[in-house]
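*Asks:* If you want the building blocks of each chain, they are given just below.
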Amino acid sequence: MSGLGPVMLMVLAAANPAAGALSVAWRPSNRDQWRPRVMLAVTAAVGLLWLVAALSDPILDALSVTTGTWRLATAVPFAIAGVRWMVFPARPVTDEPRAGTQMALIALTVLFTPQLVAVVLATAAHDGTLRTMAGVVLAAIATAALLWFRATPTPLLSVVARLLGGIAIVLAIALGVDGTQTI
Amino acid sequence: MTFWRSSAGGAKRRLVAWLVVWVVTAGLLRVTLAAPEVCPQYSPGDGQAAIDAGADWIVRTQEPSGRYLYEYDRRTESAVPGYNLVRHAGGTMSLYQLAIAQQGQNHQVVEAADRGMNYLLERAVDTSDGGMGPALSSRGPVKTGTASLTLVSLAHRRILTGDPGFDDEMRALGRFLMGQQLPDGGMLNFWDPKTGAPVPGERSRFATGEAAWGLALMHEAFPGEGWDTPVWAIMDYLATERDELEELWPPPWPDQWAAYALGEMAEWGLEEHHLDYAQRLAGRFSQMIRWDAQREGVAEISHLPMPRGGGYGTILEGLGGLEWLWLNEPRLADAPLRDRLECGAARLAEAQDADGAWYYDDLTRVDDQQHAVSGLLMADVSFNLGGNKP
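These protein sequence lines are chains V and F, in that order.
Numbers 1 to 183, taken from this note's numbering, label the letters of the first sequence in order.
Numbers 1 to 390, taken from this note's numbering, label the letters of the second sequence in order.
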């Protein structure tokens with residue numbers, strides 16, 4: 001699991017943009033303000049995830065955990081998230097909150113999730129920051145696009161969220177096995 | 001679902017839930033799979049005192065006949081009945097390893113190893129096709145593992161002394177092992193004196209790797225005599241078939257004997273599937289060290305107790321054997337084997353009792369000292385030699 005494609009797929013599955021788009025279900029009252037908020041929130045999340053990726057080695061050192069151990073540990077929240085998406089792909093917030101809360105919801109609860117941060121740490125330490133960030137940017141663009149246009153039918157998003165949930169489970173198992181085999 | 005859908009405060013509750021999930025996830029991981037790996041400081045030579053004390057336990061409890069104190073209960077301060085000749089051969093092997101590292105300077109160790117060897121050779125019985133192997137009783141079966149580790153011990157003795165006096169015995173042991181080999185490269189576990197033949201259908205997870213190491217040392221001692229042929233067959237079997245056929249899970253089974261053999265074969269021109277096997281073995285041993293290093297503080301609730309000295313020692317033996325392969329095989333990518341060896345050696349040395357033994361539930365067995373001494377020795381040898389095989 002060290003090529004660019006597999007790393008990007010792992011990060012994308014951990015982010016699950018479809019499930020993220022389903023969770024932000026309110027109808028924006030002001031379209032002109034909505035799109036900058038989405039951009040700002042997604043950009044902030046990407047910035048935070050870049051920090052995590054760039055500092056992966058010192059973070060793991062500070063935690064006194066080796067890369068293999070972290071990959072094994074990451075498999076658990078990653079797999080649990082996958083199962084949750086398979087069973088409950090949509091957990092929508094339907095009432096429109098205030099502007100600041102909207103951005104916090106998108107940046108934190110959609111993108112800065114435990115499983116995504118864990119996966120970013122695991123892949124950045126093992127496969128490098130660049131490959132990891134390629135996956136983060138792909139996931140962020142997909143999330144932003146789904147929130148920006150709001151044109152994808154909910155049933156289709158639900159199917160994609162479940163599909164990514166299934167992929168997350170498979171990749172979590174692979175990550176855990178790899179963690180047990182890492183020197 | 002209703003909770004999230006209906007409430008006006010849904011967004012705030014979602015943020016709180018996000019925070020709670022973060023805290024719970026981080027907390028649970030921190031006391032289980034992501035617990036800190038605690039590795040005490042360890043430098044080359046730090047294990048020497050533990051090695052000497054462990055070897056001294058074996059030597060001072062040995063009987064004049066060469067028989068070792070097999071198992072000891074410190075609660076009752078008495079020996080536990082029973083004996084295992086494979087472990088006797090292993091103890092002897094370990095003493096010769098130490099004697100080589102000390103260049104024979106410690107005469108007590110050399111003499112104890114020789115006494116242990118005499119005990120084995122006195123019990124050797126002739127087997128089929130000019131072979132021989134030690135057995136605990138004249139009617140009992142000959143175990144492949146005993147013959148293998150006797151051969152390893154004699155090979156080490158030959159390296160130590162340069163004395164060819166036991167070359168005939170080494171060849172007889174080698175012939176016995178070849179007679180125990182199956183067409184797939186695996187080894188049968190027993191030879192039965194009643195039938196004069198190997199016992200069919202009974203393999204051992206230990207014997208195959210032990211035989212590989214013994215025969216690999218035979219090839220090193222007597223190149224050109226064809227002893228490498230059965231070793232290649234064994235290594236192919238271990239690398240490709242063994243775990244599935246013998247139902248060992250999770251693969252690869254952490255076989256330190258195979259690792260010793262791989263280290264010995266570092267200059268033989270191993271094939272890619274052997275190197276792949278070596279990498280998987282190294283990963284397995286490393287994971288065991290990493291997991292054990294997490295057994296500290298609160299994380300003790302999620303980690304089983306430390307393995308007995310014998311079990312832990314085998315991990316270091318395996319990593320030490322593979323470290324030699326890594327340092328001599330340019331096709332293997334850099335890997336932190338030495339970090340794992342240091343961590344494991346430090347933790348194993350700390351677990352030693354004041355009397356030189358490694359106890360588990362107040363019991364210690366000769367192979368606890370054997371494997372721990374060999375493991376610490378392999379770690380130290382790998383540090384000191386920088387990969388240059390003696």
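Treat each hint with caution, since some may be false.
[Stated by the list, open to error] Now the in silico label distances, taken between C-beta atoms and shown as ranges: (1) GLU296(F) x GLY3(V): 28 to 38 Å; (2) THR43(V) x LEU248(F): 45 to 55 Å; (3) ASP61(V) x GLY45(F): 44 to 54 Å; (4) SER29(V) x PRO336(F): 51 to 61 Å; (5) ILE173(V) x ASP276(F): 16 to 26 Å; (6) GLY27(F) x ASP61(V): 14 to 24 Å; (7) ILE173(V) x ALA49(F): 36 to 46 Å; (8) ALA49(F) x ASP61(V): 22 to 32 Å; (9) THR76(F) x GLY3(V): 57 to 67 Å; (10) PRO64(F) x VAL177(V): 34 to 44 Å.
Everything labelled a hint here was simulated from the structure, so no lab data went into it.
Glycine is no exception: its CB is placed at the ideal position from the N, C-alpha and C atoms.
*Asks:* Each hint: holds or not?
*Replies:* Structure-based check of each hint:
1. As the Cβ distance of GLU296(F) to GLY3(V) is approximately 36 Å, the hint placing it in 28 to 38 Å holds.
2. At about 51 Å, the CB distance of THR43(V) to LEU248(F) agrees with the hint of 45 to 55 Å.
3. Range check, ASP61(V) to GLY45(F): Cβ separation about 26 Å, and the 44 to 54 Å hint is violated.
4. At about 55 Å, the beta-carbon gap between SER29(V) and PRO336(F) stays in the expected band of 51 to 61 Å.
5. Between ILE173(V) and ASP276(F) the Cβ separation comes to about 21 Å, which falls inside the hinted range of 16 to 26 Å.
6. Checking the proposed 14 to 24 Å range against GLY27(F) and ASP61(V) shows it holds: the Cβ atoms sit about 20 Å from each other.
7. Restraint check, ILE173(V) to ALA49(F): a C-beta distance of roughly 44 Å satisfies the suggested window 36 to 46 Å.
8. Hint check: ALA49(F) to ASP61(V), Cβ distance near 30 Å, so the stated range 22 to 32 Å holds.
9. The hinted window of 57 to 67 Å between THR76(F) and GLY3(V) holds, with their beta carbons roughly 60 Å apart.
10. Under the hint 34 to 44 Å, the C-beta atoms of PRO64(F) and VAL177(V), about 52 Å apart, miss the expected range.
Going down the numbered hints, you'll see the structure goes against 3, 10, while the others check out.
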